[in-house]
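*Asks:* Protein chains in written order, with this note's numbering: chain Y, 1 to 142; chain Z, 1 to 179.
Source of the hints: derived by calculation from the structure; they are not laboratory data.
Model, not experiment: these values are computed from the prediction.
Glycine included, each C-beta is placed from N, C-alpha and C at the ideal position.
One or more of the hints may lead you astray.
Label-pair ranges, simulated between beta-carbon atoms [said to hold, decoys possible]:
no. : chain 1 : residue 1 : chain 2 : residue 2 : range
1   : Y       : 97        : Z       : 179       : 46 to 52 Å
2   : Y       : 11        : Z       : 55        : 41 to 47 Å
3   : Z       : 142       : Y       : 117       : 58 to 64 Å
4   : Z       : 70        : Y       : 71        : 56 to 62 Å
5   : Z       : 12        : Y       : 27        : 21 to 27 Å
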Amino acid sequence: MATWTLEFPYRRSVGPVIGAFLAGLRDQQVIGAKTAGGRVLVPPLEYDPDTGEDIAEMVEVGSAGVVERFAWVAEPMRTHPLDRPFAWALVRLDGADTALVHALDAGSPDACSKGMRVQIRWADERVGHVNDIACFEPEPQK
Amino acid sequence: MTREPVQFMSHHTKVEYKLPAPSLLSIESAKQLAAGRVVGHKCPECGKVYVPARGYCPLCVIETTAAHEVEVQPRGIVTTFSVITPLQYQGQEEHDDYAQATILLAGTDSTISMQRLDGIPIDDVRTGMRVEAVWLPESERSASPEGAARGFGLGRAITGWKLTGEPDAPVEEYGEHIL
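Just chain Y, with the same shape it has in the complex:
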């Protein structure tokens, strides 16, 4: 058996809106895009998907939110953000009207539910990348 590795080291320009979002993550803040109609998009888009108009402003939202849907990953792949079973979850952060997909470290599928409260676990080293969010984790009960 022989191995062969193919690599594509891309460097992508991210533009002003995603650039602001990524810069926010670096500083442990989540930045969304607010449309003229008042909807807050997280992750942000450069335009209002309903009207095609430019977004009106960038706004900060919370770093915790609600799971809208999830899919359990019983056997993570090497490239996944976690090396143990986890859920891919759509999380709508507090103050946002759309959901962000990311890994949820909840231990077992039984610990995941629609509507559960989760919060961001930040990466120790943040560089301005979506992986600055290490994953989501269940919010401690108050």
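Using the hints, position chain Z against chain Y.
*Replies:* The following block gives chain Z in isolation, referenced to the frame of chain Y:
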């Protein structure tokens, strides 16, 4: 907000392949090439010679084996070529235009492709040129099948092909093999 925006994001895509064990044919071919020999198989039925050996004759649909091995001379005729202008993307190792040719080896009935032409000015490259192999120094050749034929070439023991200085071949000699 006054923070420094992020302008670029690195996106490293990596695909790791596990290749099946090389065939006995490519192991043999690699060994022979490392020793400076170009070998192929001659079909016992129609007599056509295939380099590199495929282990079968596609026309007669019969198996060929080591018993049908023949050595051919490392010289041939350029049947087709492409001039390549390398784009300077990250990791590109080529800087100048270069020509890659398909070559019909003398005494064979199959062509080898993706062959680098060596020392021939781009504007002089033409079909029908007679060329001979430029070998890697013997100490630098590897008998490992990883560097050997992938079905269309001859691996890395031959680094390129240079003019023999003989007059060009008439098209009748290679016309059947132009793609």
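*Asks:* Determine for every hint whether it applies to the structure shown.
*Replies:* Do the hints match the structure? See the list:
1. The hint said 46 to 52 Å for the Cβ distance between residue 97(Y) and residue 179(Z), and at roughly 58 Å that hint is violated.
2. Between residue 11(Y) and residue 55(Z) the C-beta distance comes to about 45 Å, which sits within the given range of 41 to 47 Å.
3. Taking the beta carbon of each, residue 142(Z) and residue 117(Y) are about 59 Å apart, inside 58 to 64 Å as hinted.
4. The supplied range of 56 to 62 Å is met by residue 70(Z) and residue 71(Y), whose beta-carbon atoms lie about 59 Å from each other.
5. At about 24 Å, the beta-carbon gap between residue 12(Z) and residue 27(Y) stays in the expected band of 21 to 27 Å.
Hint compliance for this structure: hint 1 alone is broken.
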